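K.L.:
Each chain, letter by letter, is given below.
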Amino acid sequence: DAKTTQPNSMESNEEEPVHLPCNHSTISGTDYIHWYRQLPSQGPEYVIHGLTSNVNNRMASLAIAEDRKSSTLILHRATLRDAAVYYCILTSRNRDDKIIFGKGTRLHILP
Amino acid sequence: NAGVTQTPKFQVLKTGQSMTLQCAQDMNHNSMYWYRQDPGMGLRLIYYSASEGTTDKGEVPNGYNVSRLNKREFSLRLESAAPSQTSVYFCASTPLQGFQETQYFGPGTRLLVL
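Protein chains in written order, with this note's numbering: chain A, 1 to 111; chain B, 1001 to 1114.
These are computed hints drawn from the structure, not numbers from a lab.
Nothing here was measured: the structure is a model prediction, and the numbers come from that model.
Don't be surprised by glycine CBs; every beta carbon is placed ideally from N, CA and C.
Where hints are given, some of them may not hold.
[Said to hold, decoys possible] Below 30 Å or equal to it, Euclidean Cα-Cα: the simulated DSS-like pairs (lysine-lysine) are:
(1) K3/A / K1014/B
(2) K1014/B / K69/A
(3) K103/A / K1057/B
(4) K1071/B / K98/A
(5) K1009/B / K69/A
(6) K1071/B / K69/A
(7) K1057/B / K1009/B
(8) K1057/B / K1071/B
(9) K3/A / K1057/B
(10) K98/A / K3/A
(11) K1057/B / K1014/B
[Claimed, not checked] Sample of chain B residues with no beta-carbon within 12 Å of chain A, all distances over it, derived:
(12) V1012
(13) T1015
(14) T1102
[Said to hold, decoys possible] Label-pair distances were calculated between CB atoms; the ranges are:
(15) K69/A / M1027/B: 44 to 50 Å
(16) Q1017/B / H108/A: 26 to 32 Å
(17) Y46/A / G1063/B: 47 to 53 Å
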């Protein structure tokens, strides 16, 4: 079973900010939070990851709760090309721990 | 750089036929992975290779074999295809060993087993 919980789907208007939530109440102290997205008919692509502090890159921002039991991926200005399935994944420093992709959140962007 | 490439893009097999899915990466990555994705589902790990010369089972290895031919190439073989293996197969690679590394995915191979 996935270690994270995400809504099945979300909708947002084009050019508006989007906040994609993820719950990971069983996260351990050394688990990283990774986000990937999968555009239609493509392989997943890396979006962002973090450990404790909020992170920003050219694609998105990652806001991590102080207790680390939840996080939010923020797309600052959604475009139609951001319509995809977004996966929130925990990854462990333990090299024997595999990653588990859940079903993710399907993001619909309305023009 | 092409990144991670997979061949073929599409394949139709009859039950019992065999085939090999090919994956190559040109990023000098040490670790490579094979996943399958069924309709409406997330990805499930089939096998992975932490480094050249090593392979390990993932979550759903039954019915598959793998070969890490060299650092660049990691192939997935179906010896006797079954309809339950109809899926989209993704190959991925990471610079270093460990699932905490960022994974780079290929475009996928869509397989239909009749």
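K.L.:
It remains to establish, for every hint, whether it holds in the given structure.
P.N.:
Here's how the hints hold up against the structure:
Restraint check for K3/A and K1014/B: the C-alpha separation of about 36 Å exceeds 30 Å, so the hint is violated. Our distance criterion of 30 Å between C-alpha atoms is broken by K1014/B and K69/A, whose separation comes to about 46 Å. Distance check on the hinted pair: K103/A and K1057/B sit about 22 Å apart at the alpha-carbon level, within 30 Å; holds. Restraint check for K1071/B and K98/A: the C-alpha separation of about 21 Å stays at or below 30 Å, so the hint holds.
A hinted pair counts as satisfied when its Cα atoms are at most 30 Å apart, and K1009/B with K69/A does not qualify at roughly 39 Å. The suggested pairing of K1071/B with K69/A is violated, with an alpha-carbon distance near 38 Å, which exceeds 30 Å. For the given pair, K1057/B sits about 24 Å from K1009/B by alpha-carbon distance, which is consistent with the 30 Å threshold. The suggested pairing of K1057/B with K1071/B holds, with an alpha-carbon distance near 18 Å, which does not exceed 30 Å.
With a C-alpha separation of about 20 Å, the suggested pair K3/A and K1057/B falls inside the 30 Å cut-off, and the hint holds. Taken as a hint, the K98/A and K3/A pair is honoured in the structure, with Cα atoms around 11 Å apart against an allowance of 30 Å. Among the hinted pairs, K1057/B with K1014/B is consistent with the structure: their alpha-carbon atoms are about 26 Å apart, no more than 30 Å. Every beta carbon of chain A lies more than 12 Å from that of V1012/B, the smallest distance being close to 17 Å; the non-interface claim holds.
A cut-off of 12 Å between C-beta atoms confirms that T1015/B is not in contact with chain A; the least separation is 26 Å. Look at T1102/B: its CB is around 5 Å from the nearest CB on chain A, not clear of 12 Å, so calling it non-interface is violated. The hinted range of 44 to 50 Å is not satisfied by K69/A and M1027/B, whose Cβ atoms lie roughly 34 Å apart. In this structure the supplied range 26 to 32 Å is violated for Q1017/B paired with H108/A, their Cβ-Cβ distance being about 38 Å.
Between Y46/A and G1063/B the Cβ separation comes to about 29 Å, which falls outside the hinted range of 47 to 53 Å.
Hint compliance for this structure: hints 1, 2, 5, 6, 14, 15, 16 and 17 are not met, and every other hint is.
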